[in-house]
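With mature numbering (1 follows the signal peptide of the UniProt record, and there is no 0) applied, the sequence shown corresponds to residues -26 to -1, 1 to 69, in that order.
The hints are simulated quantities; they were obtained by calculation from the structure and are not laboratory data.
Among these hints, one or two may not hold up.
Calculated pairs, SDA-like style, for lysine to any residue (alpha carbon to alpha carbon, straight line, at most 25 angstroms) [to be verified]:
no. : residue 1 : residue 2
1   : K31       : E19
2   : K31       : D47
3   : K31       : D52
4   : K31       : N51
5   : K31       : I59
6   : K31       : A20
7   : K31       : L60
8   : K31       : G58
9   : K31       : L14
10  : K31       : P57
11  : K31       : D53
12  : K31       : T68
13  : K31       : Y44
14  : K31       : G21
15  : K31       : M42
16  : K31       : D8
17  : K31       : A45
18  : K31       : T54
19  : K31       : L11
20  : K31       : I55
21  : K31       : A41
22  : K31       : L56
Taking CB as the label site, the calculated pair distances span [unchecked claim]:
no. : residue 1 : residue 2 : range
23  : E19       : I55       : 19 to 27 angstroms
24  : Y44       : N23       : 27 to 35 angstroms
25  : G58       : G28       : 22 to 30 angstroms
26  : D52       : R6        : 17 to 25 angstroms
27  : I59       : R22       : 27 to 35 angstroms
28  : I55       : N23       : 43 to 51 angstroms
We put the beta carbon where it would ideally sit given N, CA and C, even for glycine.
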Amino acid sequence: MLTQQSTSLRFIFIILLAENSPVLFGRQVFRRGDITLGGLFPVHEAGRNGSECGDLKAAQGVQRLQAMLYALDLVNNDDTILPGILLGAQILDTW
């Protein structure tokens, strides 16, 4: 079983492997594009005091975030869908 720290590191590593690597800013991911799509996903549970992040929500948040970035990659890498337009994203952690 993975610890929270190793899971967090794995999450960050997977995000950074994506083409046109997104930039991590605290509780958000930003990927530059001609058009920016927004995403709101519960990546973390609320911490004990409500101000810090708790455990990762793999199925509810992380997988959805990865799916959005994957979909953007598919669209951006297919010249027949939106020729000459690069889709970006700003994704926020809603915990």
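CA of K31 to CA of L14, is that 25 angstroms or under? Status holds; Cα separation ~13 angstroms.
Between the alpha carbons of K31 and I55, is the straight-line distance 25 angstroms or under? Violated, because 32 angstroms separates the two Cα atoms, which is more than 25 angstroms.
With the threshold set at 25 angstroms, check whether the alpha-carbon distance from K31 to A41 stays at or below it. Given pair K31, A41 holds - Cα atoms ~14 angstroms apart, limit 25 angstroms.
With a cut-off of 25 angstroms on the C-alpha distance, tell me whether K31 and I59 pass. violated (32 angstroms)
So if I understand the rule, the pair passes when the alpha-carbon distance is 25 angstroms or less; does K31 with T68 pass? Holds, at about 11 angstroms.
Can the restraint linking K31 and D8 be considered satisfied, given a maximum Cα separation of 25 angstroms? With Cα atoms ~30 angstroms apart, K31 and D8 exceed 25 angstroms; violated.
Range hint 17 to 25 angstroms (beta carbons of D52 and R6) holds or violated: holds (19 angstroms)
Within 25 angstroms, alpha carbon to alpha carbon, are K31 and N51? violated (29 angstroms)
K31 and G58: Cα distance at most 25 angstroms? Given pair K31, G58 is violated - Cα atoms ~35 angstroms apart, limit 25 angstroms.
K31 paired with M42 [C-alpha distance capped at 25 angstroms]: Distance ~16 angstroms between K31 and M42 Cα, so the pair holds.
Please verify whether K31 and A20 have alpha carbons no more than 25 angstroms apart. holds (10 angstroms)
Below or equal to 25 angstroms on CA atoms is what counts here, so check K31 against T54. violated (35 angstroms)
Checked against the numbered hints above, the structure breaks hints 3, 4, 5, 7, 8, 10, 11, 16, 18, 20, 22, 23, 25, 27 and satisfies the rest.
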